[in-house]
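A.B. asks: Protein chains in written order, with the UniProt record's numbering: chain C, 1 to 307; chain B, 1 to 307; chain Y, 1 to 275; chain Z, 1 to 275.
The set of hints was computed from the structure by calculation and includes no laboratory data.
Predicted, not measured: the structure shown is a model, and the values here were computed from it.
All residues carry an ideal CB built from backbone N, CA and C; glycine is no exception.
Incorrect hints may appear among the rest.
[Claimed, not checked] Here are the simulated lysine-lysine pairs, DSS-like style, with alpha carbons at most 30 angstroms apart:
(1) Z:Lys-252 <-> C:Lys-90
(2) Z:Lys-4 <-> Z:Lys-21
(3) Y:Lys-4 <-> Z:Lys-89
(4) Z:Lys-21 <-> Y:Lys-89
(5) Z:Lys-19 <-> Y:Lys-89
(6) Z:Lys-17 <-> Y:Lys-89
(7) C:Lys-285 <-> Z:Lys-89
(8) Y:Lys-89 <-> Z:Lys-89
[Said to hold, decoys possible] Selected chain Y positions facing chain B (Cβ under 7 angstroms, derived; list incomplete):
(9) Phe-51
(10) Leu-54
(11) Leu-55
(12) Glu-228
(13) Arg-230
(14) Gly-232
(15) Gly-236
(16) Cys-238
(17) Thr-249
(18) Gly-250
(19) Phe-264
Below are the chains, spelled out letter by letter.
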Amino acid sequence: MNPVNLSTQFAGITLRNPLITCSGTYGFGEEYTSYCPLEALGGITLKGITPLPRLGNPVPRLAETPAGLLNAVGLENPGLDEFIQSYLPKIRKLPTAAIANISGFSLEDYVQLARALQKDSGLAALEVNISCPNVKHGGMHFGTDPQSAQEVIAAVKAETDLPVIAKLSPNVTDIVGMARAVQLGGADAISLINTLLGMHIDIYQQRPVLANTFGGLSGPAIRPVAVRMVWQVFQAVDLPIIGMGGITTWQDAVEFMLAGATAISIGTGNFVNPQAPLEILQGIKEYCEERGLASVRDLVGLAHHDR
Amino acid sequence: MNPVNLSTQFAGITLRNPLITCSGTYGFGEEYTSYCPLEALGGITLKGITPLPRLGNPVPRLAETPAGLLNAVGLENPGLDEFIQSYLPKIRKLPTAAIANISGFSLEDYVQLARALQKDSGLAALEVNISCPNVKHGGMHFGTDPQSAQEVIAAVKAETDLPVIAKLSPNVTDIVGMARAVQLGGADAISLINTLLGMHIDIYQQRPVLANTFGGLSGPAIRPVAVRMVWQVFQAVDLPIIGMGGITTWQDAVEFMLAGATAISIGTGNFVNPQAPLEILQGIKEYCEERGLASVRDLVGLAHHDR
Amino acid sequence: MLTKGQVVVHESLGDEKHKLKRLVLKGPIARTAQAGQFVAIQVQDSSISSFDPLLRRPISLAGISSENDEITLLYRVQGRGTEILARAKEGEALSIMGPLGHGFSLPEAGELWLVAGGIGIFPLYPLALSALSKGLTVRLFWGGENQSFLESAGLSSWEKLGIPLYLSTLDGSLGQKGLVTEQINDQLRQMSLSSSQIWAAACGPKKMMQAVTEICKNVKVPIEVSLEERMGCAVGACLGCVCTLIDETGAKVHKKVCQDGPVFRGEEVVWDESC
Amino acid sequence: MLTKGQVVVHESLGDEKHKLKRLVLKGPIARTAQAGQFVAIQVQDSSISSFDPLLRRPISLAGISSENDEITLLYRVQGRGTEILARAKEGEALSIMGPLGHGFSLPEAGELWLVAGGIGIFPLYPLALSALSKGLTVRLFWGGENQSFLESAGLSSWEKLGIPLYLSTLDGSLGQKGLVTEQINDQLRQMSLSSSQIWAAACGPKKMMQAVTEICKNVKVPIEVSLEERMGCAVGACLGCVCTLIDETGAKVHKKVCQDGPVFRGEEVVWDESC
Ligand SMILES: Cc1cc2nc3c(=O)[nH]c(=O)nc-3n(C[C@H](O)[C@H](O)[C@H](O)COP(=O)(O)OP(=O)(O)OC[C@H]3O[C@@H](n4cnc5c(N)ncnc54)[C@H](O)[C@@H]3O)c2cc1C
Ligand SMILES: Cc1cc2nc3c(=O)[nH]c(=O)nc-3n(C[C@H](O)[C@H](O)[C@H](O)COP(=O)(O)OP(=O)(O)OC[C@H]3O[C@@H](n4cnc5c(N)ncnc54)[C@H](O)[C@@H]3O)c2cc1C
Ligand SMILES: Cc1cc2nc3c(=O)[nH]c(=O)nc-3n(C[C@H](O)[C@H](O)[C@H](O)COP(=O)(O)O)c2cc1C
Ligand SMILES: Cc1cc2nc3c(=O)[nH]c(=O)nc-3n(C[C@H](O)[C@H](O)[C@H](O)COP(=O)(O)O)c2cc1C
Ligand code: FES
Ligand code: FES
Chain C
1 MNPVNLSTQF AGITLRNPLI TCSGTYGFGE EYTSYCPLEA LGGITLKGIT
51 PLPRLGNPVP RLAETPAGLL NAVGLENPGL DEFIQSYLPK IRKLPTAAIA
101 NISGFSLEDY VQLARALQKD SGLAALEVNI SCPNVKHGGM HFGTDPQSAQ
151 EVIAAVKAET DLPVIAKLSP NVTDIVGMAR AVQLGGADAI SLINTLLGMH
201 IDIYQQRPVL ANTFGGLSGP AIRPVAVRMV WQVFQAVDLP IIGMGGITTW
251 QDAVEFMLAG ATAISIGTGN FVNPQAPLEI LQGIKEYCEE RGLASVRDLV
301 GLAHHDR
Chain B
1 MNPVNLSTQF AGITLRNPLI TCSGTYGFGE EYTSYCPLEA LGGITLKGIT
51 PLPRLGNPVP RLAETPAGLL NAVGLENPGL DEFIQSYLPK IRKLPTAAIA
101 NISGFSLEDY VQLARALQKD SGLAALEVNI SCPNVKHGGM HFGTDPQSAQ
151 EVIAAVKAET DLPVIAKLSP NVTDIVGMAR AVQLGGADAI SLINTLLGMH
201 IDIYQQRPVL ANTFGGLSGP AIRPVAVRMV WQVFQAVDLP IIGMGGITTW
251 QDAVEFMLAG ATAISIGTGN FVNPQAPLEI LQGIKEYCEE RGLASVRDLV
301 GLAHHDR
Chain Y
1 MLTKGQVVVH ESLGDEKHKL KRLVLKGPIA RTAQAGQFVA IQVQDSSISS
51 FDPLLRRPIS LAGISSENDE ITLLYRVQGR GTEILARAKE GEALSIMGPL
101 GHGFSLPEAG ELWLVAGGIG IFPLYPLALS ALSKGLTVRL FWGGENQSFL
151 ESAGLSSWEK LGIPLYLSTL DGSLGQKGLV TEQINDQLRQ MSLSSSQIWA
201 AACGPKKMMQ AVTEICKNVK VPIEVSLEER MGCAVGACLG CVCTLIDETG
251 AKVHKKVCQD GPVFRGEEVV WDESC
Chain Z
1 MLTKGQVVVH ESLGDEKHKL KRLVLKGPIA RTAQAGQFVA IQVQDSSISS
51 FDPLLRRPIS LAGISSENDE ITLLYRVQGR GTEILARAKE GEALSIMGPL
101 GHGFSLPEAG ELWLVAGGIG IFPLYPLALS ALSKGLTVRL FWGGENQSFL
151 ESAGLSSWEK LGIPLYLSTL DGSLGQKGLV TEQINDQLRQ MSLSSSQIWA
201 AACGPKKMMQ AVTEICKNVK VPIEVSLEER MGCAVGACLG CVCTLIDETG
251 AKVHKKVCQD GPVFRGEEVV WDESC
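Okay, chain C solo, but in the shape it has when bound (with noise of 0.2 angstroms):
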């Protein structure tokens, strides 16, 4: 028997494997390094970053919910700047491709990202993560609007020669229409799903347990919405999907290539299990040889097909 081809390549990425792992959930590379190898790892996701440094929000940042995860870490990050400098060094040596994630609170934000980070930062593509509030529209989400994810991606899309993969959130009434948008944008690729808005009350103190009040929810409870998402938007938009929302085992992730993911993320499945990337990577290989399937890319989108 041949051994299955793990690699993968989209909108001009080439991964060994379709296997990445999800911004603000893997730090900036090295934090998970002792437990899974980034050798074996398709790609990372860095944190993401803006363009001036963030101390983000305070404490408590996280809540545990029935299969899920609250955070509202509020998007930390050291700033472009103390990216490019202290760390871009250091992400460039890794061996595996880099992603980075770029967040912002006006077109300006994702401009200025986009212009600073090209092809010859070393990174593998700019994942555009459009969950934030627009502050010069009353606060108006980006990634609840599809006109102004088009914008941004467009705009995006005409400073960086990278590959810009659009990561949309979940909480909109038409995915579609959002995943429509952003390939007008000129999109190479979509992330499905940023988190659900959530939170949790302490019934004790009687107040909001996260700082922030409201929260991203992540986690196996997300993971039949994402999936549906990856679902509607592989059938309706022909741009390669990078699926995330709750992955934590192998058949997670083989649940989301034939709902047509051609490549998939794994966040707070980490923090369940450091070696979850290890396990669905042999548990995806061992289904597509125990099905005589040459390829992983051969998964995508194949719960779609009648039988």
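Using the hints provided, position chains B, Y and Z with the ligands relative to the given structure of chain C.
C.D. replies: Using the frame of chain C, we list chains B, Y and Z with the ligands on its own:
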């Protein structure tokens, strides 16, 4: 110590306690009586009805997910005539308040249902489920478009003398906008939340588990989203809220009340523990007692107060 | 009834490779239970409030001992829920709802033909006991993977009943090689009995029950079958578990496996609906 | 390191009413561990794939025995996670990440003053052992609810060390009635020792650590405190567990309790940030 006053009154509905059961999870009231006497409940919400009988979707209709349940029952119900003839006489005799849940696929459907159900039916209120596709408008859901939602509620309100509760879908960008819309339509109260749209794929069969592909996600997994929406609507809209979504323990119920729910409703939690309503009621009572609260109504929205 | 059943025995049933388990629970459920009924069991000790897995699991009553207030559940470790259930230790208390649904009916006289496929055998044993104690003649047709499976799944208890057993295995390692339906056809052919004296009760894979129903229809033997469906509430409140039947008027109607079944008359079942 | 720790001992610690537990796990973690470090433990046997509760729980190393490849965790049953953990039986394997974070430093010479509030005592015991084996003088200031608590939480092991113990209880049932800070002030007043020879290490409620830090600052005693925060990754990757410190330039900076701590220099901690 005086006993805690459990009774609650809102929108012209009087309940012996704030505990209701959710539409679609408690049949027409007779199924759970050997586990939980109806006398113990503030009220029950009946299975959603439509003008004509519906067989609903094929099976599988259910899929379990982490801390959640996907269902795609497809509004199976006996239809309005049969409901009135065979069910209503029994429902009138139930020893608890009964709220009818009405669903439609056009404005006329809702009008027809509302017209047939008046105060003299013995029902306590009408809950209007707007999470249905409007077949006359390209399948756009009533529950995801503020204008349609307002129209439906206004039409129902014009036809019935029963209190009207608008049940909102969480699959929207802006839940507050939807709440404002149904308030403009004349809703007397708001039920929050219906299920999140999700799906699950059987990786061995390589196809969706549910015959209907998509289903509604309920259960503890969605609680953080539901609490967040209750919180947001409580802050923005001056209507009583019936909170639901993942309530399984008394702590969950208290969390919803602190977030702003005047009454709370138990759905999937009944499947997990058919005595959940009894345990929840007891828990709420003791919680109030320990804090010297005279009435459960004192809990409503308490977590919004600055301390 | 919602009760805490205390684990009295929890052990492997036969060869471990078949992943079969025997679970005996102490509790008052036995007093009112009937063969063919089931319970909805919480797979984790209920003192833990974990909501994953969320739902109860339906398991048939495979033994009902009202004298000892004990019920026996026999199950195959299938997925996550039963895997967790398999870890329950003696002395732990598991939350059970039951007895649920409607069991098999018993004819007043004549012969009862039991037809089982695989682990469909489990609910038929208490039925055989009831029938025998009523003085009925009982035969068992049972098909399984191989000899090891049949032995693991309780063959010796059946042998002790002293009734005729017609066994089939897919590999021929025990009984006749092939399907249980072939055995039934053979017996029908050889038989002197008028088919009007026979009642059948079947439990097993849907395809098997459908085929057996077909045979029974042809020879006018009334048959009851025990259906399976994914369950939410297990009491008829959620409409999660419907199956399609043909009613007297010839119309298709939905029935709830949990409440109206799990046992239905075979002729009424619409097998080709995804049910 | 991610390992499966086999449960060697799991028992109540002292009077059950205090809900304290002693858990000894076999595994290679002990070889590299240091007092003040912690592990992130999965509360359910990892052969079960349940995602509720989802996260690991941080627990300090309360005993490190590299000869036996054993670590001891002492914990209080607090909520859902520790309740489930409390059910782990001998022989089960629990998934542990660790050792994590940076532990306490030890002075080269002089006196080490240990200050504990409540169950903050647990990580201080291995620190005392290291200090004593290094030839340092050690004193313990420990405040708790009442005599029963202190006895349950391991007082006798401390007495065996033969070091001076300054105990306080809220109700005066053992030691001095009141707070541990009063005892420290008393000793500082009576003491001949120059404060430059003293190092302090504190673990307990935030308010207590803040007050002790204040005292130490005044007399120029360097103090290390062990902070707690809700954790996601426990390795510095998620920024869930930050605390605020003042750096050399006087600027407020965030540090990660899991990776940069949990032990920090008390003077650097900004206590009034919600951290
Ligand atoms: C009335 C009835 C009686 C049954 N009696 C027995 C019995 O005596 N012995 C026995 O071994 N099994 C019996 N089953 C099947 C048993 O319920 C399933 O094997 C079990 O639910 C699988 O759960 P799991 O978590 O191990 O598997 P998973 O695949 O992890 O389950 C996932 C979900 O699917 C549902 N599910 C999976 N398979 C089935 C199935 N075949 N029927 C219904 N729901 C299913 C589960 O309840 C759960 O919601 C019976 C089923 C029904 C409906
Ligand atoms: C570095 C460190 C070392 C610790 N060492 C010990 C120890 O040796 N012995 C001991 O008894 N306890 C210790 N704790 C506290 C222990 O982690 C919590 O008591 C435990 O996580 C509570 O979990 P639960 O599920 O029982 O409670 P729940 O209240 O149900 O927990 C809900 C969530 O809150 C988090 N949480 C709750 N309380 C705390 C807390 N105080 N600190 C951090 N997260 C919390 C949990 O991790 C979980 O995510 C330590 C905490 C930290 C950060
Ligand atoms: C602690 C934490 C921090 C996160 N930070 C970011 C971020 O900076 N940028 C971003 O686009 N997404 C961020 N996310 C979202 C994740 O990248 C991912 O989309 C989401 O968590 C769903 O995947 P999961 O369920 O596997 O975690 C963060 C998630 C978590 C849990
Ligand atoms: C099996 C099932 C059927 C449902 N049917 C209806 C319905 O007919 N009408 C309706 O408005 N909501 C229906 N719902 C939604 C519930 O009423 C409730 O809003 C939702 O399940 C969230 O609450 P829970 O998490 O407590 O179940 C149904 C839910 C389930 C699980
Ligand atoms: S499982 Fe709910 S109706 Fe049968
Ligand atoms: S817990 Fe993730 S950074 Fe500390």
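A.B. asks: Could you check the structure against the hints above and give me the numbers of any it violates, in ascending order?
C.D. replies: 7, 12, 17, 18 and 19
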